[in-house]
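Keeping their order, the protein sequence lines are chains A and B.
Going by the working numbering, the first residue of the first sequence is number 1, and it counts up by one from there.
Going by the working numbering, the first residue of the second sequence is number 1, and it counts up by one from there.
Don't take each hint at face value.
Copies of one chain are not kept apart here, so a pair can be met inside one copy or by any two copies together.
[Stated by the list, open to error] Taking lysine-lysine and the DSSO-like style, the derived pairs with C-alpha atoms no more than 27 Å apart in a straight line are: (1) 203 to 432; (2) 292 to 432; (3) 521 to 533; (4) 196 to 292; (5) 533 to 432.
Everything labelled a hint here was simulated from the structure, so no lab data went into it.
2 protein chains.
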Amino acid sequence: MRRYFPILDWGRSYTRATLANDLLAALIVTIMLIPQSLAYALLAGLPPEIGLYASIAPLLFYSIFGTSRALAVGPVAVVSLMTAASVGQLAAQGTPEYLGAAIALAFLSGLMLLAMGFLRLGFIANFLSHPVISGFITASGLIIAAGQVPHLLGISAGGHNLLEILTAIWAALAGVNPVTAALALPTVAFLFWSRKRLKPLLKARGVPDVLAGVITRAAPVMAVAATTLAAWGLGLHAQGVAIVGEVPKGLPMPTLPPFNLDLWAQIAVPALLISVVGYVETVSVAQTLAAKRRQRIDPDQELIALGASNIGSAMSGGFPVTGGFARSVVNFDAGAETPAAGAYTAVGMALATVFLTPLLFFLPKATLAATIIVAVLSLVDLGALRRTWAYDRADFAAMAATILVTLGVGVEAGITAGVILSLFLHLYRTSKPHVAVVGQVPGTEHFRNVDRHAVVTAPDVLSIRVDESLYFPNARFLEDTVYAALATNPGLRHVVLMFPAVNAVDASALESLEAIVARLKDQGVQLHLSEVKGPVMDRLKRSHFLEDLTGRVFLTQYDAMRALAPELTARTLAAGRRDTLRAVQ
Amino acid sequence: MRRYFPILDWGRSYTRATLANDLLAALIVTIMLIPQSLAYALLAGLPPEIGLYASIAPLLFYSIFGTSRALAVGPVAVVSLMTAASVGQLAAQGTPEYLGAAIALAFLSGLMLLAMGFLRLGFIANFLSHPVISGFITASGLIIAAGQVPHLLGISAGGHNLLEILTAIWAALAGVNPVTAALALPTVAFLFWSRKRLKPLLKARGVPDVLAGVITRAAPVMAVAATTLAAWGLGLHAQGVAIVGEVPKGLPMPTLPPFNLDLWAQIAVPALLISVVGYVETVSVAQTLAAKRRQRIDPDQELIALGASNIGSAMSGGFPVTGGFARSVVNFDAGAETPAAGAYTAVGMALATVFLTPLLFFLPKATLAATIIVAVLSLVDLGALRRTWAYDRADFAAMAATILVTLGVGVEAGITAGVILSLFLHLYRTSKPHVAVVGQVPGTEHFRNVDRHAVVTAPDVLSIRVDESLYFPNARFLEDTVYAALATNPGLRHVVLMFPAVNAVDASALESLEAIVARLKDQGVQLHLSEVKGPVMDRLKRSHFLEDLTGRVFLTQYDAMRALAPELTARTLAAGRRDTLRAVQ
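Okay, chain A solo, but in the shape it has when bound (with noise of 0.2 Å):
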């Protein structure tokens, strides 16, 4: 019971402390996200207020499944891009297809990561390696603040990708409306400066540290309150600049999806992408949290925290959600210590659902624009692209691919290409493990690489170290090394397989292995094993291998060499030790 609602963890500790550090922490969130959630709703091309739903049903269904003390969940950057590209393709902005597309998203994603969840099958995000996913969160968002300049300029100009959006871009250039850029370029001037230079300049003024840190995580409030006032009373409206207008008051109505199999089976694809990333996105800022104050998280009950948190959005009329990163860090530096803060920001949006909706009807969607180019270009790395070539050609490869990719084609071939090639690039480096042909160290028990090392080798054994395990990504590279050994020693009679780095010997590595027992066997060649791990050996146990094996399974590579030949390590022993006697004396 409790695995599933951490809920009753940690509620049944909650104190008088607690529930004023939670609270603050919600006040801070909640200002934070109220001019983002607008902004996130935009950027998936739906209207304001689904963004304040997406902000509310979600934060209480974290707060009861949620392992996390700090994640606040809620509409995000790139997941609102992968929503917007993916229901783009399916109906038009505007129009009710659109939204039931969004919503059923949400919910299918959610189904997904319930799923998911329950089958404990977290390990699915491990498929998206580091070099992907910041490959593809730095396109992302270089193709939504792209998107984000016909908002800035009150031109209208679009495309699913980079390539696509600056040539729309150029072609509008003319329509440009100097009022909308006149009001745009200077807020996010003046965000851009918030951002870096607010802070220290408060600090500087005696401000204490905390309060400055409120203050200019507030940056965009004001701007949305400064930007909102001057549409109203210099009549901006009139003059061509676009505003939100009317946003639906109140709490939102609960929703169902639509339920059309065809629809469902034209979002699955997406629906998964959608769920992986941001159950990444989720599951690094939880657990990069967690760790500051010592604390765990179970990494597939936040795929049902998650998954719950989505259905909840869906149900309420809202698009997919994930774990934010800048929001999760604030709530934690605000002192968020449960996720019951997460439920007060969620009664925080609530309310500003219903009393501040007729606040934003002048607000510029410009201004909404300006806070997503700032918030998107803070996860722009280009820097990683060289750091990942200094260090990994093939993890540059996959950055790059991705990279290309989700700027050239779009979101989804961008992440799809970049999980491929970094699957293939695995599979790849695993089918060709490290193999040694290893020798004698004089004066000593140990066996070492012959070409790294001065080592001595009897002339018809050959000693073989595999550095990997055998699965069937390298089986046929064994049987290749083998028997291209075999081809170039005629005088062979024994094959030591050294086995120290085996930690499992699947079906198809252990048809190699009987494959090369055979055809050794033919050669009149015998097969030998050493130093075996004991759970790889209780699985040889278990199948025809050790009864068809032509020769022994040596407990130490030693022991092998002993037996098969004795006089030469003897000797080999010996002599080491005379050389190190000479040295010493």
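Given chain A, work out where chain B should sit, using these hints.
Relative to the frame of chain A, chain B by itself:
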């Protein structure tokens, strides 16, 4: 030059004795190939002469480019079934579009194999694990056999999977042609009997071993001759027995595949599946036969040879071909010494298309169906399910899924499901590597798993041995493991990661290690490494990791413990020695 034209190698030492051996093998293989190639054309839904065409040019091309001395390429059962399955979705049997699509499939598959060969992508074949390929062949054999039953009964019934075929047979059972059944069922019985019993019987009667083998292999030819004679002499065609009929006489004309991008896009996935399945079969057969004579094959050159063979098949109006197991073994047993035997077989098949086709007019299709059934049922190996279950449950799951999806849905879905499931299970396994907390074995400098051995550990030092390379599939697992240890060991001051089995650390794992260092640092815990391999260390030096590392890198775990817990380590070493001395005294 010689790499791409192995003929330059073996051609220069070609002697009269080799010629004689190759000619004899070619004669035997030709006799076996004639009914087979007709039958597999029938199985692929193509006119019988196409099977003959596909047994000429491919053999010539393979003899130039192939590295196996005994492999015989041509139409094979499984690939013919895959051809029928994919082409059948695009056009109706008997239409020029159907033939065109089959030719295009051979051409595209040839191009893919060539490209994979030049890019040295032979390792792609590793993605098909043994259990998946074995399950796929078993299921394909069952589908092929079931699909031939209507021909035996003179009814018309088909389908894409076993269920459809059996339902269709059941529905059509009322229309059985008794004459066809009376001819076909004894033929099946004779072929089964000859396969099992003819050779021992002949040997018991004093026939020499080799000759007995040849006669046994020729049993299908005898069945063809006898039933053709019966059909001609008794006028069976008039009684409803389907016969092959008019077969165009003469050599195939040079053909170009239809260059239709739409078509190519539709056959791209089937062509890839056929390429990979065909290649795996080819390499397995070639490797088995080569190892028997201590020869080697070059897997990447085999891709080129098989690609050229398929392009040759397409350019002479044929369909996809691959290296067949049965015919290669016959070729090998009959004494073929070089790929020239294949070229002579091609000449034999060319003569057959010129002179034998009129004789095939009265050949009953039921006889061809009988030869197919007997050939493919030998591929069915349901016992492999039991053996795999005993050895490895994950491999069993992949095999069972491949069989069930192939039988229940179709060949393409089956092999795809098998590959995806086995990759998934593989990644699942590598995502949870074996890690052990280790302690010092008293009286030694060795460190062993605390769960398996009586060892000594220091309360403020945690030593974790990682038994797997660190890649993105398991990067998060390492973080989880360390954070779990951190949460449960409040007195911790040092964590030592022991890397003797870590052969690589990719960029994702590097980020995890950096995150671990940072989070341990927040807690006042130092991270150390021990027994890091040379290549891993070289790579780490190219990153910031070693500068950020709060602890040290030790050559051995003993060095690490001597530095971090000197007294305890020395005492454990001595205590153990005392125990040992006491035990000896």
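Now for the hints, and whether the structure bears them out:
Neither within a single protomer nor between protomers do residue 203 and residue 432 lie at most 27 Å apart by alpha-carbon distance, with minima of 57 Å and 47 Å respectively. In the homo-oligomer, the alpha carbons of residue 292 and residue 432 lie at most 27 Å apart only across protomers (24 Å), although the nearest pairing inside one protomer, at 39 Å, exceeds that limit. In this assembly of identical chains, residue 521 and residue 533 lie within 27 Å of each other by CA distance solely inside one copy; the values are 25 Å within and 35 Å between copies. For the homomeric pair residue 196 and residue 292, the shortest alpha-carbon distance inside one copy (24 Å) is at most 27 Å, but the shortest distance between copies (72 Å) is not.
Proximity of residue 533 to residue 432 under the C-alpha cut-off of 27 Å is found in both arrangements, the shortest distances being 21 Å within a copy and 17 Å between copies.
Checked against the numbered hints listed earlier, the structure breaks hint 1 alone; every other hint is satisfied.
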